[in-house]
Amino acid sequence: MKKHIVKIKSIGFINYNVLQIVTEKPRNYDFEPGQATEIAINQKDWKEEKRPFTFTNLPRENDLQFTIKVYPSHDGVTEKLSKLKIGNELILGEVFGAIQFKGKGTFLAGGAGVTPFIAIFKSLEYQNEMNHNSLIFANKTEKDIFLKQEFETLLGSRFMNILSEEETQKYPTGHIDKDFLKSTIADFSQYFYVCGPPEMTKSVTEDLKSLGVAAEKIVIEDYD
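Under full-length UniProt numbering, the sequence shown is numbered contiguously, ending at residue 224.
Just so you know, not all the hints are guaranteed correct.
Simulated crosslink set (BS3-like; lysine-lysine; CA at most 27 Å straight-line) [as the list claims (entries may be wrong)]:
no., residue 1, residue 2
1, K148, K182
2, K83, K44
3, K80, K9
Note that these hints are calculated values from the structure, not bench results.
The task is simple: from the sequences and hints, build the whole structure.
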């Protein structure tokens, strides 16, 4: 597998636990909105510690952007990434990913699973095709919702949140389950894009099928 070494051009937190990194873009390095690559840190003891991260900018742009949830308790790659500075180097692998836009629909994301949708939404906005798409974003608490203003600008009332570990007056409490889907969605003939932890992806997919959604209308990807 070919490797590409790139320098960090900007790095900083956009939420208390979400990091945004912009890097150089290798020549002829192409991707589709929703796709990802494996990233390692070009430092001793870290070069083989590869993790998958999604591109969150448009393919036509001259740089690459990654939006990464940091897990300090893991003492791993994301924590190490958060300590890097402009000029440090990353090692990129080849492009991969199953989530690609097939038609208007509802995007169902759990936590960091929203990241493949970011570039898709930017692409749809660029093409003036954001209408009739919606996002349901599941998080533990309200402070875990990141890029809230951007999603509200893009989607308006078609951006919904649900919290599993906090009760607020603004958002429903619970999970994206069968009852929630029935009460929230009127059209089950549209596409459904699902990305989140494997157990969430599995349960939501089963619920969608039980509600009559055809298998070919469900686009899924697990995000650990």
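Hint check:
Annotation: proposed proximity of K148 to K182 holds, straight-line Cα distance about 24 Å (limit 27 Å). The straight-line distance between the Cα atoms of K83 and K44 is roughly 15 Å, inside the 27 Å bound, and the hint therefore holds. Distance check on the hinted pair: K80 and K9 sit about 17 Å apart at the alpha-carbon level, within 27 Å; holds.
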